[in-house]
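For reference, the chains in residue letters:
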Amino acid sequence: DAGVIQSPRHEVTEMGQEVTLRCKPISGHDYLFWYRQTMMRGLELLIYFNNNVPIDDSGMPEDRFSAKMPNASFSTLKIQPSEPRDSAVYFCASSLDDSRNQPQHFGDGTRLSIL
Amino acid sequence: GDSVTQMEGPVTLSEEAFLTINCTYTATGYPSLFWYVQYPGEGLQLLLKATKADDKGSNKGFEATYRKETTSFHLEKGSVQVSDSAVYFCALSGHALNFGKGTSLLVTP
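Which chain is which? The protein sequence lines are A and B, in order. When you line the first sequence up against the working numbering, it's residues -5 to 109, in that order. When you line the second sequence up against the working numbering, it's residues 10 to 118, in that order.
Take every hint as true, because none was put in to throw you off.
Calculated pairs, DSS-like style, for lysine-lysine (alpha carbon to alpha carbon, straight line, at most 30 Å):
hint : chain 1 : residue 1 : chain 2 : residue 2
1    : A       : K72       : B       : K110
2    : A       : K18       : B       : K110
3    : A       : K62       : B       : K110
Now the in silico label distances, taken between C-beta atoms and shown as ranges:
hint : chain 1 : residue 1 : chain 2 : residue 2 : range
4    : B       : K65       : A       : M33       : 27 to 35 Å
5    : A       : R79       : B       : G18       : 19 to 27 Å
6    : A       : L90       : B       : T29       : 30 to 38 Å
7    : B       : D64       : A       : I(-1)     : 29 to 37 Å
8    : B       : K61       : A       : M33       : 33 to 41 Å
9    : B       : T60       : A       : D24       : 15 to 23 Å
10   : B       : P118      : A       : L109      : 36 to 44 Å
Keep in mind the hints are simulated off the structure, nothing from the lab. Predicted model only: the values in this text are computed from it and were never measured. Yeah, the Cβ is synthetic: ideal placement off N, Cα and C, and Gly gets one too.
Throw the hints in and build the complete structure from the sequences for me.
Written out as structure tokens, the structure is:
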């Protein structure tokens, strides 16, 4: 069974540019999560979806960040305009449901560098 | 609110040494507890879990016991290997997992 698939694996771009990160969750998983990982802040939850609907976006840093899930097999995280402080590794994860027993399955992440 | 506190790293051990990484939690209700591992350049992987008090999760020689009386879920391994070098995260169940800050482990030959 394929795991969570993220693309691109690496992205280097100049500040001010639009960045789009993509995620394909595991088939049949109803929950999708976006995280950001930095040395300073560790692992931060940005937003999560249930059945394609955003449930909690309180972790989204500011209006420059937006996330969508147009269908059960695809989600995007967009940063527009990007800034150097957005440089981080962004992870997508999915889980079967939000019951106590279900773990999250992570993708390998997108390493984003904003110059 | 619910939270997880892990011991600060980095932890450096020689091969075959005993490992303990402390994790304590604060939660209402009866959460499940997880340990995740992150190898360099990869995403987090589930290492083990426990869903109720006194449960012991185990995998790849690692163990952790859900202790309600001390609100702890310490990770242990009797004899670490160089390949265990990674970052370890303790996590608490909720609508979204509540992760600790991670503990970096370096095992030297």
